[in-house]
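Student: Here my numbering runs 1033 ahead of the position in the sequence shown, where the first position is 1.
It should be emphasised that the hints constitute simulated quantities derived from the structure, not laboratory data. Be a bit skeptical, because a hint or two may be false.
[Stated by the list, open to error] Think about it this way: if two alpha-carbon atoms lie no more than 27 angstroms apart in a straight line, the pair counts; the simulated BS3-like pairs of lysine-lysine are: (1) Lys1054 / Lys1135; (2) Lys1104 / Lys1138; (3) Lys1066 / Lys1135.
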Amino acid sequence: MDIESFRSYCLSLPGTTEGLKWGEHLCFMIHEKLFVITSLDDGQITFKCDPEDFDELVARDGIVQAAHFAKRQWVSIDTVDVLPDNELKERIMASRALVISKLPKKIQAEIAQLE
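Take the sequences, apply the hints, and build the full model.
Tutor: Dropping the structure here:
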């Protein structure tokens, strides 16, 4: 998957918006909450993960604890090629679901109607 395909996939998720933050980071958000960030400089992708999956993820080549994010809850991958396309998509959907689960119930219901 190239970065344009990755961007298109993220934007295809209902209610997703994008924005540029911190200079060169393309951020994908649901209700103004980040669920995935990609660096336009080096292609690194950061997303939220289930803490139960954290150890398995960071044991893999090209995946590390995300700098400046909650410990054991966010990981960074070097490029979109670190994970197979289908797994990357699943991880992005899971990240989005984790973020949605922390939103107020009313907003969660609004998002559910979009899907």
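Student: Going back to the hint list, which numbers does this structure go against?
Tutor: Checked against the structure, no hint fails, so every one of them is satisfied.
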